[in-house]
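What follows is each chain in one-letter form.
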Amino acid sequence: MKVSFFVTCIADNVLTNIGIKSIELLEELGCDVVFNPKQTCCGQPLANTGYHKKAKKSMRVLIDALLEDGCDYVVAPSGSCVLQVKEFPHFFRDEAGWADKATVLVDKTFEITDFIVNVLKVTDVGASLTGRAAYHPSCHMSRLLGVKEPPILLLQHVSGLQLVPFKGQDKCCGFGGTFAVKMADLSGAMVTEKVQNIAAAGVDYVIGADGACLMNIEGCIKREGYNIRVYHVVEVLMMR
Amino acid sequence: MSIKTSDLSFKQRMRENLSDSFKRQSIAAAQDLINQKRQECYDKLGDFEKWRDLAADIRSHVLDNLDYYLEQFVSNAERVGATVHFARDAAEANAIAREIFRKKKATKAVKSKSMVTEEIGLNEALEEIGVQILETDLGEYLLQVDNKDKPSHIVIPALHKDRKRIRGVLAAELGYDGDDVPENMTKFVRGILRQAFLSADIAVTGCNFAIAETGTIALMTNEGNGRFVTSIPKTHIVFMGMERIVPSFRELDIMFSMLARSGVGARTSVYMSLITGPKAPADVDGPEELHIIIVDNGRSAVLASEFRDVLRCIRCGACMLECPAYRHVSGHGYGVLYPGPLGAALVPLIAGYKEYKDITKICSLCGACNDVCPVKIPLYETIYQHRRIIVEREKLTNRLEDAAFSVYGNIIGHSRLYRAATRLAFLGNWAPRVSLLKEWCKSREMPVIQKERFRDWFARRRRGEA
Amino acid sequence: MTTHEFIGTVSRALGRSTPQAPAPLVYRHSVHTDVMRGLSQDALAKEFVDYSRTIGAHVVETTRSQLPASLIQVVKDSPAGSIVVADDPLLRELGIVRLLRAIAPVQLWDVDGTPAENIKFAEKARIGIAVARMALAESGTVLLFSHAGTGRSVTLLPEATIYIIPQSLIRPRLTQGMAYVQEQQNDLPPCINFVSGPSATSDIELVRVVGVHGPMHVVHMLVTDL
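Residue numbers (this note's numbering), protein chains in the order written: chain A, 1 to 240; chain B, 241 to 706; chain C, 707 to 932.
Note that these hints are calculated values from the structure, not bench results.
Which residues of chain B face chain A? A few of them, derived with a C-beta cut under 10 Å, are:
| # | residue |
| --- | --- |
| 1 | Leu258 |
| 2 | Val569 |
| 3 | Tyr648 |
| 4 | Gly649 |
| 5 | Ile652 |
| 6 | Lys678 |
| 7 | Arg693 |
| 8 | Ala699 |
Backbone N, C-alpha and C define an ideal beta-carbon position, used for all residues, glycine too.
Throw the hints in and build the complete structure from the sequences for me.
Written as structure tokens, this is what we have:
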């Protein structure tokens with residue numbers, strides 16, 4: 001099965017281990033993974049701020065890059081970026097050629113845990129990690145993309161890992177793209193509450209499936225001085 | 241009041257409300273408590289998704305046929321003896337009300353909580369002609385006596401006040417000398433308001449729903465003020481947003497079932513009054529005259545726009561109670577009558593993008609509001625579209641921001657440029673913490689930008705080096 | 707502004723020149739009629755009693771023959787003072803006014819009296835007594851039709867209200883309550899109330915306080931064989 005990997009800009013440049021572990025995981029599960037270096041960013045920061053026209057340039061680049069290799073699937077380690085890709089046809093509704101390409105892309109694109117569970121039909125990847133973990137269900141992924149169960153299902157099969165519920169678990173961490181800097185005080189209040197709730201649950205780890213939220217939560221955990229490790233699901237799934 | 245409730249700048253409102261820890265704690269506690277009660281109520285009721293399918297279908301059906309149902313409502317309301325008036329905007333609505341007060345030589349009015357009268361600034365309009373108008377919802381009354389303080393939530397307006405503050409206000413303004421136990425303070429206010437009910441010339445109410453088939457007005461209250469004002473004063477004036485219609489009592493069942501649960505997490509409000517015309521000739525009590533003022537005030541423009549769904553709103557406030565941003569800045573942070581996700585969706589439509597563009601920023605686009613809205617308003621999508629309109633149609637951005645986003649758009653819009661730029665991005669790790677980085681660092685540490693990007697690692701791996 | 711002008715604006719907003727009769731509104735689900743479907747009258751009564759208590763109403767179960775005695779007991783347990791009674795056929799038949807006059811000043815809501823006199827008495831009364839048209843199990847709700855004999859004030863002004871509720875009139879929920887109102891839509895009284903327990907507020911620190919404007923005490927007298 002040939003998979004085109006959409007790394008997302010955050011995992012390309014900042015949380016690179018997410019990209020690395022995704023490749024290792026997909027290959028271990030038998031996928032033939034392609035990475036097309038022409039890909040850039042899904043354009044979500046621009047689009048969410050209202051700059052749709054400016055965002056469409058990168059969407060075109062991304063559509064071409066991800067379709068170029070003729071893969072069966074496109075997989076990304078971020079529910080939020082996948083959500084954005086799923087929205088592409090709306091952006092191009094007045095441009096027939098691009099709308100068609102976008103629709104082809106949409107049909108192939110999966111968030112990585114959704115892909116593993118619902119396409120590869122795997123729930124136990126043989127991972128192990130000992131300790132208590134809080135799972136943060138990112139808003140775009142769980143609410144808007146509707147991928148709720150797969151990451152939890154995968155984590156439940158990680159040997160030694162105990163998932164602990166916490167107060168305000170499904171509440172937004174306050175990242176919200178440019179929201180984090182344009183509305184920094186409010187965003188800060190939101191992530192601080194999130195982190196305090198996580199800490200109150202007495203966990204060793206926070207695990208999520210979206211690099212952006214994790215970057216936000218980890219930044220606040222460090223600021224507040226808590227001794228909690230932050231992992232993306234794929235990082236945990238590659239622990240043995 | 242009017243749609244705008246604060247003269248502070250956007251930045252000031254954010255700062256002031258985020259630094260009010262009492263307010264933040266009360267809002268958070270209220271959210272947690274009511275959301276839990278709401279959840280329990282709906283769990284007991286059956287499938288929430290099916291219930292809100294019904295509610296959303298009803299509201300959409302009404303909006304798509306609003307002219308028909310309004311006409312039907314008006315003809316039935318007139319048939320049962322009500323006098324129906326129409327107001328294009330706030331000024332017209334207030335003028336109609338003033339005229340009724342003049343004709344009746346009325347100087348004292350009691351009002352049961354109504355958002356549309358706040359929207360049009362009715363109290364001020366009546367006070368200008370010497371009418372004393374008293375709020376009778378306890379929360380609204382406490383705000384009114386506290387030098388006209390502004391509500392922080394549409395259903396629980398005094399959510400931001402604690403018992404000590406309330407005791408202080410009652411003591412200073414009304415000579416209350418009891419303790420700060422809610423029961424005792426409520427009893428004190430009961431005594432004052434009861435006299436007001438009994439001596440008022442005119443009652444003013446809003447309208448939760450209007451039943452087209454019968455010309456009936458449905459009013460919901462927990463305190464009983466809705467019953468009081470429709471029982472004692474001789475004249476009753478109803479202010480009705482023109483979209484409040486349901487076709488028949490069958491639909492009222494669904495809407496009321498949702499409103500009570502989504503509003504305060506209860507199976508029902510204590511009272512629901514169905515008012516069909518003024519009192520019958522044989523009746524002893526009840527108003528002799530019933531006036532219904534149907535208000536447009538920007539609604540027909542929303543109806544004609546791509547945002548018609550926003551008019552489905554039944555003013556339950558569930559979106560605010562669910563919203564993580566509202567949680568921290570409260571209703572006061574928005575500085576408008578309708579705060580929270582609903583406010584961010586509705587206010588720019590009825591009062592203009594220019595003045596109200598900023599409230600669309602009080603949203604992390606988390607989508608939680610969409611999941612709780614009992615009439616399935618696409619709040620997330622609406623706010624998202626507003627942002628696009630503000631930038632691309634109304635062009636209400638600053639040049640610096642436009643320029644920065646242009647640069648960014650160009651970088652991610654060209655593969656080579658992106659590759660070149662990200663190769664050097666790690667130098668940003670040593671960038672001074674100013675501007676956006678400073679904003680990020682207010683509550684968080686910076687992440688490290690990697691010198692070896694994922695794509696570098698991947699290339700190395702393909703070369704067999706990693 | 708005339709009706710015609712106003713409706714015209716709305717029609718134009720909807721992209722037409724005049725209103726058109728809508729296609730029927732289709733209900734996709736039956737969740738509302740499914741609630742408590744198939745419950746026996748006794749089971750409904752139990753739900754009604756339980757939820758009445760949850761919302762702070764006092765419940766007394768009695769029979770038609772025991773009603774006078776039960777009522778006297780309830781009145782004795784309520785705030786002492788005068789009583790206003792709705793002019794209702796059932797209460798007349800039971801001779802309630804005469805019966806209660808033995809223990810307290812009682813006034814029948816006076817159909818021929820002035821509003822001022824009636825309201826004045828009701829305002830001074832400590833207890834109001836009325837008969838329910840229907841009751842709803844799910845929400846502990848009493849359905850009241852106001853008319854000449856049952857003034858709006860009877861169940862509003864006194865600090866306690868006693869509702870006489872025939873058990874056979876308990877229905878599952880608002881769905882049935884609204885259907886009942888709808889059946890009478892050609893002859894609706896100007897004021898119908900759905901009342902669920904004592905007047906309440908949570909406006910101060912979300913602490914529930916009973917008795918803001920309306921009655922602080924509500925008694926649901928369930929007559930099991932009526």
